[in-house]
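Participant: Chains as they are written, first to last, in this note's numbering: chain A, 1 to 194; chain B, 195 to 388.
Derived by calculation from the structure, the hints in this document are not laboratory data. Hints are supplied without guarantee of correctness; some may be wrong.
Pairs of lysine to aspartate or glutamate, EDC-like flavour, derived with a Cα cap of 16 Å [claimed, not checked]:
1. Lys32(A) x Asp260(B)
2. Lys226(B) x Glu33(A)
3. Lys276(B) x Glu227(B)
4. Lys276(B) x Asp257(B)
5. Lys276(B) x Asp354(B)
6. Lys82(A) x Glu168(A)
2 protein chains.
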Amino acid sequence: MSIAPWRSAIARALHRNRSLVYSRYLQLATVKENGHPANRTVVFRGFLEDTNQLKFITDARSDKVDQIQQQPWAEICWYFPKTREQFRISGSLTLVGDNESQLTLQPARANMWQELSDAARLQFAWPHPSQPRVDEPAAFEPAPPDPRQPVANFCLLLLDPVQVDHLELRGEPQNRRIYSRDEQQEWCSQEVNP
Amino acid sequence: MSIAPWRSAIARALHRNRSLVYSRYLQLATVKENGHPANRTVVFRGFLEDTNQLKFITDARSDKVDQIQQQPWAEICWYFPKTREQFRISGSLTLVGDNESQLTLQPARANMWQELSDAARLQFAWPHPSQPRVDEPAAFEPAPPDPRQPVANFCLLLLDPVQVDHLELRGEPQNRRIYSRDEQQEWCSQEVNP
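Chain A on its own, in the form it takes in the complex (with noise of 0.2 Å):
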């Protein structure tokens, strides 16, 4: 496997914004049973080694899970603030959960867990999300998950993409770029009006 060409571009954004937390935020855009969208805001965890794959985090209790496995298609929208640009990348979603059936990615899975924050892990540990609120406060002090082996309920999310299109709004007038990667996994660029 090769690095994808758009992956320097989202290095340097990255690194230019790299003042700014929340530069790791992106929205992820899902589809749901009824075909009506679904938008949240998620967390970049970085590339998975030795591949050009995104890496988030959920909850397996959480919504978007359901909707992944009816449909793994997503598009998600990464927007730069200082650097003012956005990439937005559409490709298949893979849940690598509590399950035998994707062993060759539980290694992956359980470095996630152990990479996260004790605040991170905790949340796992919370009482069901999107739930009718529970009143004790003693239930989001839980007993803290064990640091090295991942709960049941964890789950690494990998986004593969197929396409990446990277607006410039600083551009003069603004840059367009739209790559694509072909059916034998090579990446093509093109430049378009912004």
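Put chain B on the given structure of chain A with help from the hints.
Facilitator: Chain B in isolation, oriented as in the chain A frame:
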């Protein structure tokens, strides 16, 4: 029409994040004809007078216009960096373009056009978006359009919310409230687990 209960939370977030120009930027997810999601950054342009509908603008030549005509359902994700809160707002979109079918909304479309900056209006006279880059720089320096009369490809875009999911990451532990509109157009809300 009465102001929906989630409007005060939006107003407060806009006020508290007003030092960041991009706190008015948000991500709009729609669904393509092939059932895949699309996601891009748009600018919040206020609420349509006497309604709870959010205003945006778009070029009739952009891909999202075709998508919306096929499937008007959308979800926006609006993250406010300074106060660390997120609004996910789902509802249906209405396109107000240069046709006679939306006569009552034409004044709102004209007002929106008149409120834009010269630079924003000029973009509607640029070459067709997302087509191969036009090489002549002069194509991006067209004659300024009439600031009073919208050009034919200028669209006002309205989102009529039916659900608003408000997450405050700064809460203890976090706060999350879901507002829903029922069939009698009444809003109710429930606190849920983050």
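Participant: If a hint holds in the structure, say so; if it does not, say that too.
Facilitator: Quick rundown of the hints versus the structure:
1. Between Lys32(A) and Asp260(B) the CA atoms are separated by roughly 20 Å; this puts the pair beyond 16 Å, and the hint is violated.
2. Pair hint Lys226(B) plus Glu33(A) holds up; C-alpha atoms about 15 Å apart against a cutoff of 16 Å.
3. Between Lys276(B) and Glu227(B), the direct Cα distance comes to roughly 36 Å. Violation of the 16 Å bound is thereby established for this hinted pair.
4. For the given pair, Lys276(B) sits about 32 Å from Asp257(B) by alpha-carbon distance, which is inconsistent with the 16 Å threshold.
5. The straight-line distance between the Cα atoms of Lys276(B) and Asp354(B) is roughly 26 Å, outside the 16 Å bound, and the hint therefore fails.
6. Under the criterion of a C-alpha separation no larger than 16 Å, the hint pairing Lys82(A) with Glu168(A) is consistent with the structure, at around 11 Å.
The structure fails to meet hints 1, 3, 4 and 5 from the earlier list, while all remaining hints are met.
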